[in-house]
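Enquirer: Here is what each chain is made of, one letter per residue.
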Amino acid sequence: MVFSIVAVIASAGFAQSGTIRIGVAGAHSGDLASYGLPSVKAAELVVADVNARGGINGKQIELVIEDDQCKPEVATNTASKIVSKDVSAVIGHICSGATKAALGIYKDSKVVTISPSATNPPLTQSGEYPNFFRTIAPDDAQAKLAVAFIKDKLKLKTLAVLHDKGDYGKGFAELCKQAAEASGIKVVLFEGVNPGAPDYSAIVNKIGKSKAAGVVWGGYHPEASKLVQQMRAKSIKIPFVSDDGVKDDTFISVAGKYAEGVYATGPKDTSTNPLAVKAVADHKAKYKEEPGAFFLNAYAATMAVVNAIEKAKSTQYEAIVKALQSEYVETPLGKISFDKRGDVIGFGFSVYQVQKGKYVELK
Amino acid sequence: MRQNGLKSEILGSLAQAAWFTVLLFPLIVMKVNVAMSKATVQFRWSYLPIIAIASFVLSFVWRRALEWSSTRVEKPAGSSFSSKIMGRFQIFESNKTIRLATVALFVLCVAVYPFALGMYHTNIMITALIYVMLALGLNIVVGWGGLLNLGYAAFFAVGAYTYGFLWKFVGPQFVSAGFDTGWLFWIALPMAGIIATVFGVLLSLPVLRLRGDYLAIITLAFGEIVRMVLQNASDITGGATGISLIPRPWFLGFKLPPKQAATYIYYIAVILVVLTVFIVRRLEDSRVGRALEAMREDEIACQSMGIDLVHNKLVTFALGAFWAGIAGVVLAAQTTYINPDSFTLWESVMILMAVVIGGQGSIPGAIVGAMLLKLLPEYFRPLAQYRMLIYGIAMIVIIIFKPDGLIPRKRKSYYFVKKNSADSGHEVRV
Amino acid sequence: MDYFLQLFLSGTAKGSIYALISLGYTMVYGIVQLINFAHGEIYMIGGFTALILGGYLFTLGLPVPLVLVLSIFAAVVFSSAYGFTIERLAYRPLRNKPRLSALISAIGISMILQNFVLLMQTEKYLAFPSYLPELSFLEPVTEYINSTQVIILGTTSVIMILLTVLIKFTRIGKAMRATAQDTNMAQLVGINVNQVISVTFVIGSALAAIGGVLICSYMGQINYYIGFVAGIKAFVAAVLGGIGSIPGAVIGSFILGWTESLGTGYISSDYEDAFAFIILILILILKPAGVLGKNQNQKV
Chain A
1 MVFSIVAVIA SAGFAQSGTI RIGVAGAHSG DLASYGLPSV KAAELVVADV
51 NARGGINGKQ IELVIEDDQC KPEVATNTAS KIVSKDVSAV IGHICSGATK
101 AALGIYKDSK VVTISPSATN PPLTQSGEYP NFFRTIAPDD AQAKLAVAFI
151 KDKLKLKTLA VLHDKGDYGK GFAELCKQAA EASGIKVVLF EGVNPGAPDY
201 SAIVNKIGKS KAAGVVWGGY HPEASKLVQQ MRAKSIKIPF VSDDGVKDDT
251 FISVAGKYAE GVYATGPKDT STNPLAVKAV ADHKAKYKEE PGAFFLNAYA
301 ATMAVVNAIE KAKSTQYEAI VKALQSEYVE TPLGKISFDK RGDVIGFGFS
351 VYQVQKGKYV ELK
Chain B
1001 MRQNGLKSEI LGSLAQAAWF TVLLFPLIVM KVNVAMSKAT VQFRWSYLPI
1051 IAIASFVLSF VWRRALEWSS TRVEKPAGSS FSSKIMGRFQ IFESNKTIRL
1101 ATVALFVLCV AVYPFALGMY HTNIMITALI YVMLALGLNI VVGWGGLLNL
1151 GYAAFFAVGA YTYGFLWKFV GPQFVSAGFD TGWLFWIALP MAGIIATVFG
1201 VLLSLPVLRL RGDYLAIITL AFGEIVRMVL QNASDITGGA TGISLIPRPW
1251 FLGFKLPPKQ AATYIYYIAV ILVVLTVFIV RRLEDSRVGR ALEAMREDEI
1301 ACQSMGIDLV HNKLVTFALG AFWAGIAGVV LAAQTTYINP DSFTLWESVM
1351 ILMAVVIGGQ GSIPGAIVGA MLLKLLPEYF RPLAQYRMLI YGIAMIVIII
1401 FKPDGLIPRK RKSYYFVKKN SADSGHEVRV
Chain C
2001 MDYFLQLFLS GTAKGSIYAL ISLGYTMVYG IVQLINFAHG EIYMIGGFTA
2051 LILGGYLFTL GLPVPLVLVL SIFAAVVFSS AYGFTIERLA YRPLRNKPRL
2101 SALISAIGIS MILQNFVLLM QTEKYLAFPS YLPELSFLEP VTEYINSTQV
2151 IILGTTSVIM ILLTVLIKFT RIGKAMRATA QDTNMAQLVG INVNQVISVT
2201 FVIGSALAAI GGVLICSYMG QINYYIGFVA GIKAFVAAVL GGIGSIPGAV
2251 IGSFILGWTE SLGTGYISSD YEDAFAFIIL ILILILKPAG VLGKNQNQKV
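Chains as they are written, first to last, in the working numbering: chain A, 1 to 363; chain B, 1001 to 1430; chain C, 2001 to 2300.
Incorrect hints may appear among the rest.
Said to hold, decoys possible - Mimicking BS3-like on lysine-lysine, the simulated pairs with C-alpha atoms at most 30 Å apart in a straight line are: (1) A:Lys257 x B:Lys1038; (2) B:Lys1038 x A:Lys234; (3) A:Lys286 x B:Lys1259; (4) A:Lys257 x A:Lys153; (5) B:Lys1038 x A:Lys268; (6) A:Lys155 x A:Lys237; (7) A:Lys286 x B:Lys1031; (8) B:Lys1402 x C:Lys2097; (9) B:Lys1031 x A:Lys284; (10) B:Lys1259 x A:Lys322; (11) A:Lys237 x B:Lys1038; (12) B:Lys1038 x A:Lys278.
The set of hints was computed from the structure by calculation and includes no laboratory data.
Make a model of the complete structure from these sequences and hints.
Expert: Next up, the structure:
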């Protein structure tokens, strides 16, 4: 009891008039830390840059970094904590489930929330969360693009659709299935695999038996690389199309020569974008390793928030929302803004293919 | 003599420091980064002296601690530290006014908590209280029954999803029939308890013939199967997307805004916990409770005393599951959104940790264990990245130095205290 | 029939992967009745050590076969050292305490090791370059089973044979069997039980390390969390086959592999783990001590 009183006083966080607080929430520990920590690093890099240039409107930015372990019930506590620290905006959360749980609290407290990775369509499309924005295309946009590509460019008639049973992967897979069936492509296999399993040869055999003309994968790159490797090892050479969880250099690094020819959707043309190049270089300099998942998305989200507060000259909720929706900002993902529902505009998604060890955008 | 002892100790510690320095060298000093299938290694030499010095110092500390721990158990029960503290509390036992005053103060604190500390802390306390219920429930199975259950989160999930399903499938009819959604919570509570109990009985069926670690693995399997079904049968359960917008209980016909709703749920949780503690305490001293403990101590002796093992095991699992079911409903009401991620193997392990660290079989132990396990990480958020590391170290330290847990089970025991005078002994009941 | 054969071979490959890890599990359990939750982490650390030291040696310009041998050697040495240290630090003080205490300690070590690697290295998935040779004679059947899978299968078989020889025909093996049967009696007849237990942990960890290098080469990647997933499966396999029995661990692993493979192939991959657990439950109902487990009669 005494303990909690002390803790309250300690964390009371007087809103100093001289700083602007931005929250960063996601999985920073546990098995999904690899998806949450890169966003923390992105925010840290952006804020360091901005603070070095004098901050926003003269005020320094302070980050409030909290872990939600991608668990909904922890996310609600995380959100309460962040809100109690008087933040102007939150970058996060990372997993769609945790984001959903936390958004209720952010909405009631009128805190702008931008997620670099939560792709569940209803988050923006239901209209329930006017405070929510994201710097990633929702599942249905990516799915439609992928299927259109499969139908028009690859001209495939049958598909095997696989996913990792998670919110993001399965969401993408289901939407792909719907889009495929709507456009006359037959989905001959639709199954989930266990993320983290060492061996997928059984499902690969099943793909072979199904005689599908192509594979669609909803999920992240660790499973994608294992699948592609094991498929190619069994001489199953059909096209492999996947989402932006795989559009990651780590995928190429891990899958090696088997990555050749793999398709993935991803934000338009980021590698030559000078801001993207700088962001990656800064990350390598500070953290001595390549950036991880959703790094550029989080970087862009942080820049968008900073820009919005700057342009609005205020940390008021309505002002930030208005600025996000009306102002454009140059980010590693391109010149972006947000629509009325919170989805990002100005960066489209393209389909990429791994050619000679690099992701190449296909026009 | 002393000098020699110290010298050999220092040598010993130096050796250990050297051992650890070499052992941890690759993982700490060498940092690997893989780019384009080429692994490159970076040397962080600055960590080297840190490992060496830290292990040198810690080896001394550890050695002393182990010595202290092994000599400690030989002290008679009366003079140990915790009974000295308990002795201080004698004043409470004897002086009725002080006892009443303390209890009243405690009740006051509990009652005023949400208003004094606001929504954030209230929410944390609700989570902690849910955990207390879970720990008390698992305590029945593991602490008293001695049956290791590694899949307890399954019952927790059953409870939460019962409420979720009630909302998803019955909710719409409910609303159109003109009832407020606030009633669903109260309907769900007993329903969840009963359904969870049914699952508990179901689980106990295959394990009736198993013992020890085989039992553990089956419970683990059960827990995982439940979670998998929840994740895959998405048409019914919502799969990874879960069930959202679960209604909170209404207060006397009014739907409360989130902040007040949190306070309301807090009180509900407090009352449920009090109820749980009460019932569990009664069970502890009842025939049922003693039969369970007998089963834990020695199955064969237990059988020869006429206790039906099959019946006992069924009862154990059923009782344990009931509380998890209730706790599940409270969780669903608090977060208004459930998905399978909240009910993983790690959850079961956490609850088990709370019970064991707090003190197996001991009710205050389970409560303390649960509180610590849920409250500490919230209040030490700045160390979030080190959270699991700290948990692990804390677990090891506690289990080595206090293997019976922080607040061990105090059984009624009798022992003799020798008196100086002529009479041979003086029986004291502890 | 062709499809069935494919699935069967997949299952065999899977089984041999599980076997590499479950052998260590079962050995430790047989001697000290401890479910070593940390075993999966030792496997992961073996992989990381191989990656780090192997990577370094490779940048020094050593030839690939030498790098392979040295990195496996390093992984084995370091993992064994970890196993030895953990046993001394966290399990030995609890040897005479209730079994649950040692289990909790094992869980604690598992958490410490996972997060230690997470913090000291990285949270990301790292590509694991495979230095394993490509067996060219397998060209014709490479669609069914590839080089790495064959190497893993071969290694598992060799290890199993070596372990059986060790246990049955050597002095230390006899000491291990005696300690497993009755620790106190073994001490009374003059066996240094502490030493036997340490040796067991060392061997178990060495096996885990070999598993780590081979399986990570197969998967092509490594991450601080892989130990947990692998550990659970291996544990299920060991229990299925009869925990404490070495041939049991291998049989259990293969049963697990085939069940998962055939279940995935003929029913659905969604429930892959569920098949494994269901088979486990069925077998334990029919044979409560596992396939090759001995029904230990409890003495009064």
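Enquirer: List, from low to high, the hint numbers that the structure doesn't satisfy.
Expert: Of the numbered hints, just 3 does not hold.
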